[in-house]
Each structure stands twice: as structure tokens, then as C-alpha cells.
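Number of protein chains: 2
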Amino acid sequence: MEKNFKLTREFINQIEDLIEAKDEQGSMALISELHPADIAEIFDELNTDEAKFLYMLLDGEKSADVLIELEEDVRERFLLATPSEIIAKEYINEMDSDDAADIIGDLPEEKQEEILSHIEDIEHVGDIADLLNYDEDTAGGLMGKEYVAVHEDWDVSKSVQEIRRQAEDIDELYYVYVVNKDNYLIGFISLKDLILSDDKQVVKTLSKSDVISVRTETPAEEVAVIMEKYNLVTLPVVDNIGRLLGRITIDDVVDVMREEAEKDYQLISGITSDVESSDKIFQLTKARLPWLLIGLLGGILGAQVISQYESDLAIYPEMAFFIPLIAAMGGNVGIQSSSIIVQSLANNSLGIESTARKLLKELSVGFMNGFICSSILLIYNIFMSDTTALTITVSISLFTVIIFASVFGTLIPLTLNRFKVDPALATGPFITTVNDILGLLLYLMIGRYMYMFFEGVNI
Amino acid sequence: MEKNFKLTREFINQIEDLIEAKDEQGSMALISELHPADIAEIFDELNTDEAKFLYMLLDGEKSADVLIELEEDVRERFLLATPSEIIAKEYINEMDSDDAADIIGDLPEEKQEEILSHIEDIEHVGDIADLLNYDEDTAGGLMGKEYVAVHEDWDVSKSVQEIRRQAEDIDELYYVYVVNKDNYLIGFISLKDLILSDDKQVVKTLSKSDVISVRTETPAEEVAVIMEKYNLVTLPVVDNIGRLLGRITIDDVVDVMREEAEKDYQLISGITSDVESSDKIFQLTKARLPWLLIGLLGGILGAQVISQYESDLAIYPEMAFFIPLIAAMGGNVGIQSSSIIVQSLANNSLGIESTARKLLKELSVGFMNGFICSSILLIYNIFMSDTTALTITVSISLFTVIIFASVFGTLIPLTLNRFKVDPALATGPFITTVNDILGLLLYLMIGRYMYMFFEGVNI
Chain A
3 MEKNFKLTRE
13 FINQIEDLIE
23 AKDEQGSMAL
33 ISELHPADIA
43 EIFDELNTDE
53 AKFLYMLLDG
63 EKSADVLIEL
73 EEDVRERFLL
83 ATPSEIIAKE
93 YINEMDSDDA
103 ADIIGDLPEE
113 KQEEILSHIE
123 DIEHVGDIAD
133 LLNYDEDTAG
143 GLMGKEYVAV
153 HEDWDVSKSV
163 QEIRRQAEDI
173 DELYYVYVVN
183 KDNYLIGFIS
193 LKDLILSDDK
203 QVVKTLSKSD
213 VISVRTETPA
223 EEVAVIMEKY
233 NLVTLPVVDN
243 IGRLLGRITI
253 DDVVDVMREE
263 AEKDYQLISG
273 ITSDVESSDK
283 IFQLTKARLP
293 WLLIGLLGGI
303 LGAQVISQYE
313 SDLAIYPEMA
323 FFIPLIAAMG
333 GNVGIQSSSI
343 IVQSLANNSL
353 GIESTARKLL
363 KELSVGFMNG
373 FICSSILLIY
383 NIFMSDTTAL
393 TITVSISLFT
403 VIIFASVFGT
413 LIPLTLNRFK
423 VDPALATGPF
433 ITTVNDILGL
443 LLYLMIGRYM
453 YMFFEGVNI
Chain B
3 MEKNFKLTRE
13 FINQIEDLIE
23 AKDEQGSMAL
33 ISELHPADIA
43 EIFDELNTDE
53 AKFLYMLLDG
63 EKSADVLIEL
73 EEDVRERFLL
83 ATPSEIIAKE
93 YINEMDSDDA
103 ADIIGDLPEE
113 KQEEILSHIE
123 DIEHVGDIAD
133 LLNYDEDTAG
143 GLMGKEYVAV
153 HEDWDVSKSV
163 QEIRRQAEDI
173 DELYYVYVVN
183 KDNYLIGFIS
193 LKDLILSDDK
203 QVVKTLSKSD
213 VISVRTETPA
223 EEVAVIMEKY
233 NLVTLPVVDN
243 IGRLLGRITI
253 DDVVDVMREE
263 AEKDYQLISG
273 ITSDVESSDK
283 IFQLTKARLP
293 WLLIGLLGGI
303 LGAQVISQYE
313 SDLAIYPEMA
323 FFIPLIAAMG
333 GNVGIQSSSI
343 IVQSLANNSL
353 GIESTARKLL
363 KELSVGFMNG
373 FICSSILLIY
383 NIFMSDTTAL
393 TITVSISLFT
403 VIIFASVFGT
413 LIPLTLNRFK
423 VDPALATGPF
433 ITTVNDILGL
443 LLYLMIGRYM
453 YMFFEGVNI
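Residue numbers (the working numbering), protein chains in the order written: chain A, 3 to 461; chain B, 3 to 461.
Each hint should be verified, as a subset may be incorrect.
Unchecked claim - Straight line, CA to CA, 30 Å or less: simulated DSSO-like cross-link-like pairs of lysine-lysine:
(1) A/K24 to A/K282
(2) B/K160 to A/K202
(3) B/K210 to A/K64
(4) B/K265 to A/K363
(5) A/K231 to B/K91
(6) A/K210 to B/K64
(7) A/K288 to A/K113
(8) A/K160 to B/K160
(9) A/K282 to A/K265
(10) A/K363 to B/K8
(11) B/K160 to A/K210
Treat the hints as calculated values from the structure; they're not laboratory data.
Same shape as in the complex, but just chain A (with noise of 0.2 Å):
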């Protein structure tokens, strides 16, 4: 079977008239082949009673998995409308502890514990409860419990006879963890070896050595960087002595660097939140004031700035020409030499150079690209301007600025990077108007002076 479903407003409209004719057995026609994420997709365009009525109709196992999927806004009104005993045996009981933990650790603390009070089986709960106590955005926030561990001196149909007893609850299983009688990490196995050796083959002499894992305070977005150059489908979680806790997949960090990119691209493009464009508008206006007044702000010092000049421009009116020319410049010479440092920041290809080589070379290019721009603006302003002082302003502004937005643009992610402090903020709102602003203060500066020198306006 080829996947091609797609949500349409017509389907969405076909199960709004079922659910409200409180026909069962046509609703679940019409959904029960679908994967869990596409049910899920239907939910997040329904509202909370008609996705009730639905999510009763399914088995265990698939609303567990519904749950999963679901939009963390619609998830979360859904489950407090919920009963706990509920949620707990009906749902978290099917679910890896992962995702149990990622579900449960989204909802008020009260409603936490009556969940984990529900639970009865004791292993799941402590498990859920152990994730539940690290942060979200690090390694042991991303792991699940849900690992094969064999000892290093059993033979092939032991540890065959271990993922047997292990492995019922586990439904993605593709490595087998080796450790030695402490639990610490060893090694490791494919299902494919273990498939293809003998029976009393020992598992030391099948495992390989060289085991990549983490520990739990590792960032999320390391875990990431690691995964991915390293091309791993799982990675286990050590503890600080190397003792196995978990394992994290990668799925759940392919959601991790989804996150990444698109909180990276968020800041650059000036909003403030996770939005889409099928939010509600007063989410997606509260996303996008924030930056709209700091440019506002920024606009307001700008007029502040060229009010200073004003009776400069009632002499020289051509002045204000290339106003909006110099400050766009400054603005996006400013966003690309940050830009490359955020992204090569993001995907760990920053390379090996010092912060003074960078800053060597990215003054290189700017005095490339600002020598460029500005000898095509001067013999443009040569034809096109009747007054000396004004070329020679604007091809000199221009120069300066791109070389200034190109220093000021690298230092300040490098910086903030340095701190700790997430480097993207520098592609933000704040430092492009700063950029916008003393371009502007640059311009009319020069253009006091070079009118001076070469008209004799003595302002």
C-alpha cells in the first residue's frame, strides 16, 4: 500500500456530521485504517468534545499512539478533560516511557501524580517517574527505558532468550546493548549479527567496542549533532561512571532538529513563537508583535537620530535619498555575516579557526562587497547626481558600513555563543536595528562633513 492520505476540509466536514449523528461505526469506517498520525491530524482540527468522542471509539494501543502525535495545545486540553485513571490505564500504560514521560511532563503537577498513582505496573511507573526528574531539552530527556541489555558472558541464545523476555513492550528494537555485571557499557550488537551467528557463540566476542553514547545532561542539541554525523538509528544514555540508563532514537531527534531549524529560522524571520500559519490570529499576531516594536522603536531612534540633521537636510534635501539605501545595507550585511555563524554553529561546522582569523577574513569580505557597492553606487552618482558631496557621502557611508555590519555581525553570535547564550538571538531584531541606526548616524556625519569641505555649508 502507497501512503497518500490527505486531509481535506470535506473529509474533516464528512466526520464533523458523524460525530454529531453520534454514528459510531461510520466514524471509525472512515478512520480506523488510517496511521495514528493521520488520525492524529484529523484530532488537531477538531474540536475538544468531537475529538472525545472519537478517541473512545479507539483501542488502546492506537489511542495511545493518537496521543502521541497530537499538537502539544490540543493534547494537553484534551488530557485535562480527561480522568487520570484514564489517561493512565488506558494510554500511558501502552506507551514507551519516553513518550509517557515527554506527555505526562507537560501537564500541572497534581494531575502528574494522580496519573502515576494509576499506573500498576510498578516498572513502567518508576521509569516514567526517573525520566520525569531531567530536563526536557537534554539526553536524559529524550531517553526511553525501552533497551535490550545482555550480559557480556552469554552466548547467542541466552541473550536470544533475554531480548525474549525483554523485548515484548519494545516495539522498535534494532540493537542490543552489552554490559558487563555492573551495568556498565560495553558494547554492542545488531539484530542482524545475533540473527546470523551460532547459537553458543559468546556475545563479547560479537559486540563492538567502539559504542557511542551520551550522558544524560548531554544537550539536546548534541545528542543531535552526534546522531546525525555519526549516522546512528539509536544511542545509549551513561551515567557520569558509564552505567547504562536508557537509550534515545532518532526519531525523537529528528523532531529535536526540526525544533533547531526552526527556532533558528523564527528568530531570523522576527517572530517570537512556535506558529503556523493555521493558528488562531491572535497567536499569530502576539508572534509577530514583539519584533514590530522593536523596530518600531528602532524606527522612532532613527528619527530621532536623523531629526538631529534636520536643518542639514533643509539645505541638502538629496541627503534623504539614500537614506533607506544606507540603513537596508547595514541591515543585511549584518544578518548574512551572522546568519553563516549561527547556521555553521548549528551544524558543528564552524571548523578550526580563531575567533581573530574569523574576523580577519569576514573584514576581507566586507571590504570585497563594500568596495564593489560602493564603486557601483559612485559611478552611478556620478552620472545621476548633481552634487559632489553627496556621491562621495553615500560611496563612503556605504563602504563603511558593510565593513562595520560585517565585524559587528560575526562578533556578536561568536559572543553570545561564547556565553552560552543561543547565538541565533543575534540574527534577531535587536542587533539588525542597531545596525539600521548607526548606518544612519554614519551617513548624516559624513554628509555634514563632505558638505563642508566641498560646498563650504557651515551647519
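Once you've looked at the hints, dock chain B against the given chain A.
Relative to the frame of chain A, chain B by itself:
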């Protein structure tokens, strides 16, 4: 072992010294324990001769793995300096077909044929030649031929035998595909289920029939969305009528996701090609100049627009104060609106609203943000500006510009997408510049009428 190899300038210096001294043992001691991905990082920092020296020390399988991990330009330089026969026998022989096709595909056609002619394994060379036919941005270009398929009527024990036969050359094997006698894909089994099943059980009864597959021509971006949405580790690829042709692994798709995100990020930050801060000055300049030139052109057009209003500015130079504010806000709002659409398209969360509804929503958002921003500016100017005409002009213009840019910023990427053009282009320099200039024009036009009305100025 915890993995924490971190490349440093010192390490590179050390290895360069060893290479210069032709110290094979010393060099190997430094790198032999490292992961291929780490060795590739080292190679990226060396020149071709140094890399070649080191490369010859690695054994076949490791050198193949390193080759796969190298940056494209470094790899191409290296391969062009290496005899085709060595490439074929030492490296390509050891690679999965998809990696081999990716690497060969980047080379000149003549070199490709030379390499293929030196591969002795007929099946392998056939697989690679097949894969070279697919566009690299499609499922066909991503897939490899290294899958294991079992017949639906076989039992577990025969399947394991078949895995033993087929899986020898396959590093990563997590699922076995189930086909009928005509090679139609009808299901899959996880290795875990195979291990846990009785030897005599028939594959058909174990097989999960809700297998998700794509066709060879499915675009790479869509493959990424599918694997992410359904949390897949491998994805089978079929031909037009459903016959199994190959499989895509998640690590290749992670790379696609990263590239997609980077492409969008580069467009919005005004960079035209894939550069990193460690690239050469010339590359960095070249990647940044195009947007700066478009920005420059925009600035010149802006200057032309303002120059039409030179006489106005001579009379009321305070109009110039708010030129940067209006231009910047138009650009900002446009980018915000476009980027939300671009991101929603990228992660497939555009929802099921019609374009008309989206526009209506965007109008409302623009209305709210425009109202808030213009009101703040109005209050500011009531206290700070002496001229009623300016006060009114600035607020009305800002309001109009925000609404206009919102609509424009939403429509453009949706339109581009409908015509199968990358919607992220809407966040690039062209549209932003158009927004800037239109904002400027609006402002100056409204200003002229307001001054005529309030001050009786006649221009």
C-alpha cells in the same frame, strides 16, 4: 567509550608534521581509532597531497567510509587525483550502492564510466548504474539496493537462511520486506519479530501489511516529510506498479532535512549558496554579493522615488525622519508573513484552510498589528512632533504598509508554491526590496496630500 573527539588546530598541526616526515606509523596511531566521520573532518582541513598520504594508510572499508563522509568539494578533488581503478576496487567495492552512486554521480561522465568499468562485482555495478539514472532529488536518487526481501510463503527458518545469504554485505538491517512471487511489496517484518518467532511460522502471518512506501519519482522533500511523520527508520521504494526496487534509510533523509532547512535559512538571510564560516574569502564574497546587489538596486530605486519628492522635502524636511521606519516595517512584516507560509509548507502543516481564508486571517493579523503600531506612533508624534500633517501621515502610512505587506507576504509564497517554484524565494531579497519601495512611495504620496490638506502647502 564516550565519544568526544574534538578537532583542534593543534591536532591538525601535529598530523601535518607527521605527514611531512612521512611517518606512517605515527600518523596511523593518531587516526586509526577514530570514527570515519572524524577522520573525514581531519581530511577536510588538509591539502590534497596530505590527504592522499593519509588515505593510502587506511584499509579498504574504512577508506570507503571516510570517502562517504568527506565534504563534496574535498572528495571531488581527491577522486580526480586518484586512478579510477583504485577508486573502483578499493573504495566503491566496499560501499552501499546508494553511497557509491552519490559519489560517482558527482564526477565527470568519462570518469564515471572508467570507474564503473573497473568494478568486478557485476551485480554491484548493475545496481550502481541503475541508481545513477535517478534524479538525486527524488526517492530513486536516495534509495539503495541493499535490502532483504523474503517470499510471503516462506517460513521463518527459510527467511533467516535468506537473510544470511543476502545480508552479508548489508551493514544496517532492521526490517525485512515481504514480497509475492512477482516481487510486489506486500508487507514487512522487523528483525525483532523474526527472532522472537517460531522457526516454522509462515512469513505471511508475521508480516505487517500496512507498509508505507514511495515511488522512485517521489521528491526527496516529500520522502523526508513521510519518514518524519510516520517515524520510519527505513522506507521501501517501489515502481509504478508496486514492485520493490530499493529502500531509503533515515540517515540519508536526515541529510535531506538539514539541507532543506539550510536552503530556506540561506534564502531568508540573503546568501545564495551553501557556505560555512570556514570557507574561503572568495566563496563567502560570491555567496553574499548577489543579495547586496539587489539591495543596492532597491536602494537606488528608493532614491529615485524619494528624489521625485525632493521639493516636498525641501519644504518639510521632517518627512525624512520616518523614511527608515516605514521602509523597515514594510520589509519586516513581509518577511514575517512569508516565513510563516514557507515554514508551514516545509513541515507540511499548512492545514486545510483555503487561500481566501488564509488571506482573510492575514488581513486581520495585519489589521491588529497595524493598529497597535500606528497608535503607538500616533501617541509618540502627538507629543513629539509639531506638525499635524506629519503625525497623521506617518500613522496612516504605517498602517497601510503593514496591511499591504502582510497580504503581499502571504500571497507570494502561496503563488510560487502553486506554480511549483520554491516558496522560500519569497523571503529573499527581491520581494523585501519591493515591499520597501512600495512602502516609501505610499508614505511620500500620503505625505503630500496631508501637507496639502493640513498645511495648505501646494506643490
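Hint-by-hint comparison with the structure:
no.	hint	in the structure
1	A/K24 to A/K282	holds, 28 Å
2	B/K160 to A/K202	holds, 20 Å
3	B/K210 to A/K64	holds, 15 Å
4	B/K265 to A/K363	holds, 23 Å
5	A/K231 to B/K91	holds, 26 Å
6	A/K210 to B/K64	holds, 15 Å
7	A/K288 to A/K113	holds, 29 Å
8	A/K160 to B/K160	holds, 22 Å
9	A/K282 to A/K265	holds, 20 Å
10	A/K363 to B/K8	holds, 23 Å
11	B/K160 to A/K210	holds, 27 Å
Violated hints are absent here; each numbered hint is respected by the structure.
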